[in-house]
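**Q** Protein chains in written order, with the numbering used here: chain A, 1 to 239; chain B, 1001 to 1239.
It cannot be assumed that every hint is accurate.
Claimed, not checked - With a straight-line cut-off of 27 Å between C-alpha atoms, the simulated BS3-like cross-links for lysine-lysine are:
#1 A:30 <-> B:1030
#2 B:1160 <-> B:1126
#3 A:30 <-> A:88
#4 B:1045 <-> A:30
#5 B:1030 <-> A:125
#6 A:45 <-> A:94
#7 A:160 <-> A:126
#8 A:126 <-> B:1030
#9 B:1088 <-> B:1030
#10 B:1154 <-> B:1125
#11 B:1030 <-> A:45
#12 B:1030 <-> B:1094
#13 A:126 <-> A:154
#14 A:125 <-> A:154
#15 B:1126 <-> B:1094
#16 A:30 <-> B:1160
#17 B:1045 <-> B:1088
#18 A:160 <-> A:125
#19 B:1094 <-> B:1045
#20 A:88 <-> A:45
#21 A:30 <-> B:1126
These aren't lab readings, by the way, just hints derived from the structure by calculation.
Protein chains: 2
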Amino acid sequence: MSSAPVILAFDTATSNCSIAITRGDLHEGKVVGALSFDSGVTHSKRLLGAIDWLLQTTEMNIDDLSALAVGTGPGSFTGLRIGMAIAKGFAHGKGLPLIGISSLDAIAVEVRSERLTCVVMDARKKEVYCCFYRCEPGSRTVRCSDPAVMPPDKLVALIKEPVTLAGGGVRVYNDIFSELLDESVEFLPWIVAPQAANIGFLASGSLESGNFLDIDSATPDYVRSSDVQLSLVSPLTSG
Amino acid sequence: MSSAPVILAFDTATSNCSIAITRGDLHEGKVVGALSFDSGVTHSKRLLGAIDWLLQTTEMNIDDLSALAVGTGPGSFTGLRIGMAIAKGFAHGKGLPLIGISSLDAIAVEVRSERLTCVVMDARKKEVYCCFYRCEPGSRTVRCSDPAVMPPDKLVALIKEPVTLAGGGVRVYNDIFSELLDESVEFLPWIVAPQAANIGFLASGSLESGNFLDIDSATPDYVRSSDVQLSLVSPLTSG
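Generate coordinates for the entire structure from the input sequences, incorporating the hints supplied.
**A** In structure tokens, the structure reads:
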């Protein structure tokens, strides 16, 4: 395992700032060090300091890193922009390949349910970001939908079989999910935010296959358009 | 939730040093901040500094804490002694109640399998620490054995039904488990070390019921006797 790639990963898609240094993949790898804290909207203030602290505490050097991995969202637009900007600067400055991992996927790998899994993140404006997954034999989690944004009751209407719900949106819309879904639903409300360690583990696969972000052009996966974009587009489309 | 108890928790049972500040319980609570790092045997060198860093980063004050919780093992004797000593000093110095949570239980709550769960930690000397659990409806994990120490092949002989194996001992003795158990076994080798956040969540129940450690007399739960104890006892018992 000592030759397995060492990856510095972080996620700022929610108010939880998560940072990890991982070695290897989910099944055989290990977390060299990890930290997370509820940072409100001040990711920019504390992210780089926390990365420094983690590198020092684990006695790791930038030169030990094989790649940098960042959670690409969806989630807080401001959080995602700050995360992507810092990831690009860091990867460019240190000459490291940059890998993007969906923040929804990072939550999904924690679930490992034998049922259909739906990851639900709060998208504000009475909507949720969501994506469906299945856990295959060998505990490999695969997507079976595209990430989407919709009101929680519309999501409920899509669910036709026993399901496991996880992610920060589960608590926020617990009333709606409890009322509209029957007893066959399983709630994992404690799986809230993407863990950077899972982003690092997933990124080791991308590193192997050379699936990197282009540092110049990469953007977060917002899933929905920002208010600014909508306000720019709507006069054209509604005219 | 803002009135839920805030608990500072840590675990030093393995080479992974884990620290967390939690608010509330597993189902409704949240992780205010958490960190972990592979510290080898130098827990004493870095634990207090890391606690300070986490308190500062989460902008929490000692006065915000309702209790201190410590992983009581089993695990590394040196790690457990350092953890318990620092926990006692901290709790005594700050006048906080001290709560002990089994390091095996802290791993078990992460598993949430519908099968029988066996948590396996490496005990060195070709043995494992182990304990069996079931996940009840409502995702409450309950013990169905006492913690024990034994060779891995003896543990395998105790398993008579489909089982989920988790904990750091799974990887160490993967060959034995794979050879002696049939396909009905599920391995979760990525659930390795006790997470302090789970210790904090479990401790919120102990806080409610007033189940505290006595700061003067509390000891880790070593499960087996140390070499020193054995060497003191054996001349008497073998004579």
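**Q** Next, verify each hint and record whether it holds.
**A** Status of the hints after comparison with the structure:
{"no.": "1", "hint": "A:30 <-> B:1030", "in the structure": "holds, 24 Å"}
{"no.": "2", "hint": "B:1160 <-> B:1126", "in the structure": "holds, 22 Å"}
{"no.": "3", "hint": "A:30 <-> A:88", "in the structure": "holds, 25 Å"}
{"no.": "4", "hint": "B:1045 <-> A:30", "in the structure": "holds, 22 Å"}
{"no.": "5", "hint": "B:1030 <-> A:125", "in the structure": "holds, 23 Å"}
{"no.": "6", "hint": "A:45 <-> A:94", "in the structure": "holds, 21 Å"}
{"no.": "7", "hint": "A:160 <-> A:126", "in the structure": "holds, 22 Å"}
{"no.": "8", "hint": "A:126 <-> B:1030", "in the structure": "holds, 22 Å"}
{"no.": "9", "hint": "B:1088 <-> B:1030", "in the structure": "holds, 25 Å"}
{"no.": "10", "hint": "B:1154 <-> B:1125", "in the structure": "holds, 14 Å"}
{"no.": "11", "hint": "B:1030 <-> A:45", "in the structure": "holds, 22 Å"}
{"no.": "12", "hint": "B:1030 <-> B:1094", "in the structure": "holds, 23 Å"}
{"no.": "13", "hint": "A:126 <-> A:154", "in the structure": "holds, 11 Å"}
{"no.": "14", "hint": "A:125 <-> A:154", "in the structure": "holds, 14 Å"}
{"no.": "15", "hint": "B:1126 <-> B:1094", "in the structure": "violated, 40 Å"}
{"no.": "16", "hint": "A:30 <-> B:1160", "in the structure": "violated, 30 Å"}
{"no.": "17", "hint": "B:1045 <-> B:1088", "in the structure": "holds, 17 Å"}
{"no.": "18", "hint": "A:160 <-> A:125", "in the structure": "holds, 25 Å"}
{"no.": "19", "hint": "B:1094 <-> B:1045", "in the structure": "holds, 21 Å"}
{"no.": "20", "hint": "A:88 <-> A:45", "in the structure": "holds, 17 Å"}
{"no.": "21", "hint": "A:30 <-> B:1126", "in the structure": "holds, 22 Å"}
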